[in-house]
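For the protein sequence lines, the chains are A and B, in the order given.
My numbering applies: residue 4 is where the first sequence begins, and numbers increase by one.
My numbering applies: residue -9 is where the second sequence begins, and numbers increase by one.
Hints are not guaranteed to be accurate.
Just some of the chain A residues that point at chain B, by a computed CB distance under 8 Å [to be verified]:
id	residue
1	61
2	66
3	67
4	70
5	84
6	86
7	90
8	91
9	99
10	107
11	108
12	119
13	121
14	124
15	127
These are computed hints drawn from the structure, not numbers from a lab.
Every residue gets a Cβ at the ideal spot worked out from N, C-alpha and C, and that includes glycine.
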Amino acid sequence: MSSLGGAQNIVSLKNVDQSFVVGEETIDVLHDINFELQANTFNIIYGPSGSGKSTLLNILSGLQHPTKGTVVFGGSKLYELSPNDLAAFRANQIGIVYQQNYWVKSLTALENVSLPMYFLGYSKSSAAKIAQNALEQVGMGSYGKKEPGMLSGGEQQRIAMARAIVNNPLFIIADEPTGSLDSKNGDMIMNLLQECQTVLKRTIILVTHNMEYLPLADKLLHIQDGHVTEQQDESINKTATELLDQMKERIDRLSKAKVHGVQKNAKKLVQ
Amino acid sequence: MQKNLSNNSTPPQPQAPPKMKATSLGNDSNTRKRFRAIQLKIVFYMALKNITSKKLRSFLTVFGVVIGIGSIFFLLSFGIGIQELVTKQVIGDKSLKALEVSSPNSRILQLNDQVINKIRRYPNVDKVGLQYSFPGSIAINGGEVDAVVYGINQDFQSTTSFTLKKGRLLKKEDTRAVVVNLSTLKSIGIKTADKAINKQVKLTIPLNKVQSNKSEISDNFTIVGVIESGAGSEVFTTDSLFTSAGVLNYQQVKVIAKDTKNISTIRKQIESNGFQTTSLVDTLDEINKIFKFFNVILVSFGSVGMIVAVLGMFNTLTISLLERTKEIGLMMALGGRRSDMRKLFIFEALLLSFLGSIIGIAFAIAGGTAVNIFLNSGARGRGVTSNFTVFAYPAWAIFGMLGFTLIVGLLVVYFPARRAETINPIDALRRE
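Chain A on its own, in the form it takes in the complex (with noise of 0.2 Å):
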């Protein structure tokens, strides 16, 4: 399943650091973080909360200028652009899906997913048509002239896709796209963002903590204190396969803590 053998490079970070300054604290987020993606691949971004994913995701989509290190994209380095430049790329190169959704919520879900075409400044009839396109893609062509914020967490979600495919981006950007969703609709999710990968050759980066998915990936960027393990094939499988051990051990160290009272609540985590 893996596409990597002589596939070219579409972006790649070396050396990149991130800090935040809190009042007179220092936060290092990320440190020395160095990959490489190739172009349609699946690409799955692990780790805890709080590990530093979500800050990743923002450098690479161009929100956030990293403290060191160079993400350089298509060949030029992507923060040494001019702001305009900077939303240029978000508008052509980039797909988002957020965990939540977020809408302009006086626009129709039409005109929501037209958003990226109206930047790159397309009228608002032929942003229209191909914004129709792409709901209809994800089977959401009858939702045009709906309001989006009323519409249930999974047909959101799938309006959100068709907003993340309408540009025809290189990369599909995914931060937690199934979290607030029902297994049956995430999985949904899951085969339009496959899809977008087989049918329409995009790269996709999906950041999750759900270790289920993982086996979907071609590599793996493991994220762990700010810290990141690049893994491909095998190696993936290996890493989904101690992480499903390590929650066997939680599940039986919780049942172990039954004389506690606590077994009920940790049925329930692990449901």
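Chain A is fixed; fit chain B onto it per the hints.
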């Protein structure tokens, strides 16, 4: 783990989306570099949608602007209307191009033909009206009354507004013709203007106090016209009567400039010869000075409402900004430029203020027109025949008001728009 490949032939579930097709959507690789700024039409549309999505709030904000602009414009149109009314009363149909020349001391400084010819040669002098005036008497059928006798040339007649009741005005070739006013007729016992035409009258004008060939003009004249002017008896005849009697000095000279803007230059030239000049422009300047002050007072009363309206607008835009922090962050993450966010707020503010000012001006005009109609119908009841307006709305005032709202709108939106463009999309989207 399931992985639906594109060649999977299972029909889609009702809930499931259809298989994606490998079509290119927004921009293919050829046009990937394409990037223009967002179309202003779309910014306008988005601003309009946001305003209409919050109907009550937008209505109240616009209503505030309506009251503010409406009250300013109502008071301003009152000021302008009164000013126009007063100006019309004072100026009437007299020309603003006219300059009246007189001598401060007619014995030393004489308004004779030599001076007149000099004045005629000044640039931009169009006409020079000449007038003699002497006390005299007019007699008919044995009755005799005192009257002021004017000898005027054609330029003087054509630049003075005479209201002709009957007959005609003077012609250049007239020698023994007079035009009299209604009060002269009344004093000499002719009841109607009809009966006066072609009547013979005897004029007696003593000339012993001025330089002349004769000591008195005393002759018969024919009444050719009757005019409505003045309360005292006035008799008009041609200037040739006095010229031929050898009278050298004119009592009044009226200089007509080609344009109002030439008046001040011509005036300086004449005054440098020692003559005095008066012009309606002086009066008009005085009127304008007073009304400038009056209008400032009126507008500052109206501005109280406008200040409240501006605060309301500022409040609405600030709340709109706070509410939409996330939306702005989202739009930036989707490729919106900072300047696009600024534009969005500017359009919104301009929409609110323009809508408010157009409705406000419309209300003010409706209110002013209603008062005009009411006052006129009241005046007609009391026998006033001519229409008058107390409220006036010249185009410059309407466009000036719209321009004023434009500036106010831009000032009000300055801070919200600046805050909108400095929003950090990461923070905005993280915030709960």
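Q: Against the earlier hints, flag every one the structure doesn't satisfy and list their numbers going up.
A: 4 and 5
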